[in-house]
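Engineer: Here is how the chains run, residue by residue.
Protein chains: 2
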Amino acid sequence: MKTFSLLFTALWLSSVVGAVCAESKVVLVIHGGAASDRAKLTPEMDKRYRAGLEEAVKAGYEVFKKGGSGLDMVETSIRRMEDNPDFNAGKGAVFTSAGRNELDASIMEGRNLKAGAVAGVTVVKNPISAARAVMEKSKHVLLAGAGANAFAKGVGLQIVDPSYFRTKERWAEHKELLEEEKKKPGTTGAGLSVPSTGEWSTVGAVALDGSGNLAAGTSTGGMAGKRWGRVGDSPIIGAGTYADNEACGISATGHGEFFIRYAVAHDIVALMKYKGLTVQAAADEVVNKKLKTAGGSGGVIALDRQGRVAAAYNSEGLFRAHITESGQVTVKLFQE
Amino acid sequence: MKTFSLLFTALWLSSVVGAVCAESKVVLVIHGGAASDRAKLTPEMDKRYRAGLEEAVKAGYEVFKKGGSGLDMVETSIRRMEDNPDFNAGKGAVFTSAGRNELDASIMEGRNLKAGAVAGVTVVKNPISAARAVMEKSKHVLLAGAGANAFAKGVGLQIVDPSYFRTKERWAEHKELLEEEKKKPGTTGAGLSVPSTGEWSTVGAVALDGSGNLAAGTSTGGMAGKRWGRVGDSPIIGAGTYADNEACGISATGHGEFFIRYAVAHDIVALMKYKGLTVQAAADEVVNKKLKTAGGSGGVIALDRQGRVAAAYNSEGLFRAHITESGQVTVKLFQE
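Taken in sequence, the protein lines are chains A and B.
12 is the number of the first residue of the first sequence in the working numbering; add one for each residue after it.
12 is the number of the first residue of the second sequence in the working numbering; add one for each residue after it.
Bear in mind the hints are in silico, worked out from the structure with no lab data behind them.
It does not matter which identical chain is meant; a pair holds if it fits inside one copy or across any two.
Only pairs whose alpha carbons sit at most 16 Å apart, straight line, appear in this in silico EDC-like list of lysine to aspartate or glutamate:
(1) Lys150 x Glu192
(2) Lys69 x Asp83
(3) Lys36 x Glu336
(4) Lys58 x Glu347
(5) Lys284 x Glu296
(6) Lys301 x Glu257
(7) Lys179 x Asp97
(8) Lys58 x Asp97
(9) Lys77 x Glu336
(10) Lys136 x Asp94
(11) Lys284 x Glu257
Same shape as in the complex, but just chain A (with noise of 0.2 Å):
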């Protein structure tokens, strides 16, 4: 009798551990990029990117309903944060040195390691689109500047004038950075200095889709007054985007060049593969050992295929939010 009640005790656990298991399997997870001024963020900012987060990571989930792919999936939530002018990408990206929106993109795909970016374009309504056309459609990886516009034009992408990137607020912000540089010019003359309060809110998504297959993007406008040309992490493939099966989906948001060095998103897929780390434990080695040391600040969303989601950030905060199989959504701004 004892030995009965205790198997069933043991079977209803295992059901009941089941259940949050199969109810915490996370699905989707997106950011709208790392914050280092808590300070700046009134409650209204707040509450607006918090739903903000919240619209595009359940439009993504619409999609997984309905049987769509990982690829699908990233692309409709990163859309509606390009769409949505309080994120730093598609409409309301910053601004380079010379007053311009140059935006770059990627996506990647875990179960074969395709992967398409675009860089610096400025006529692209939706980057990320453009960087999947590039996978999808062509030859190459990675296609930047006059190029890529063109190649998003011929693959009927739609196209907007420049000026449809730009808000009243990001413009503001621009002219106020420009002055602070006359005061303290950049060391170089090669290009502004990086702004201390920069608000890096790139966005991007992880995805695992129910076929069982990772994807990941990434898309920004970039660093504020960045040298006209240059090229963050988010278009590198391996730097601020990566996804493989064997490992897991990650998109990064930060100070692009410390990403690059560090190959951030693929140093955390190795640690995975080689060492065996868990993907929560690999995010941490990357982000709050190896970039707090070197002083690159920025973090980190990822997402493994068993969806297991994990972030990583050195910087006061990561905004972002995730879905579980169930649709259960968590928002995120700073440690909370």
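Take the given structure of chain A and dock chain B to it, following the hints.
Structural biologist: Leaving out everything else, chain B in the frame of chain A:
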């Protein structure tokens, strides 16, 4: 007596082995690209490539002998090959589908993971020097297109008319490729197909200087017939170039899209650091297993901190040369 003689024999043997090891310590390895079609190489061309490689590796060695840094060694050797019209870098670069020369280069320092790169420059005589200037004189890692040209001019590098890069031989090849394309258009209309006879004579170098620091660099005109704006692996830190004193320095050459997707240079470093592979085993794992399975043609040269040189390629040949601490030169084009 017997014990003494054994001891002396052992001492003599160890000194001989020591001398051999010191003798074989490589301080500089360079490549002049992966070759896909040995039959195309006339005896005269064979001789010219060998002479070009020897001249370039010796130029870098002169810098070593004067106590120059690994960066100086890499830059010097690569400049020689950029100036040599036989290689697809600097003068003699291949053309884009639009009939232009767009040059890519990158450089990296193993002791601090600092890096610089340029993509799509059109007026800088020596792109490798522009990559180094980005690393040393800007806050950025990668500058592209017109912005990179302007930066290079701003820091005083030698600027040339775009026609400087054009050679009669490459132009004839370009016209031939366009004719071929007319007969068998690309499937997408978005770019030329990859030429099956592609000669990937990208150049690169990895050095180990007197202070024990590694440096690596790569320079290229890219893929013949590449779409305007296409960026390959050569300017991508982690793909075409990487250097980490904890593992090795690497320069790659081949079908760049695969090298980006597989983060080839960083993957070799990761296999050494996280799985304890030797430099040759790590290079083989990536080039002769992963890339070969995926259909990514090309190869790498690598050098670790002990002066152990590695070459791995799945193409017919890899034009390469190395030089030891004592000045002994080895030049190889194929398996020989």
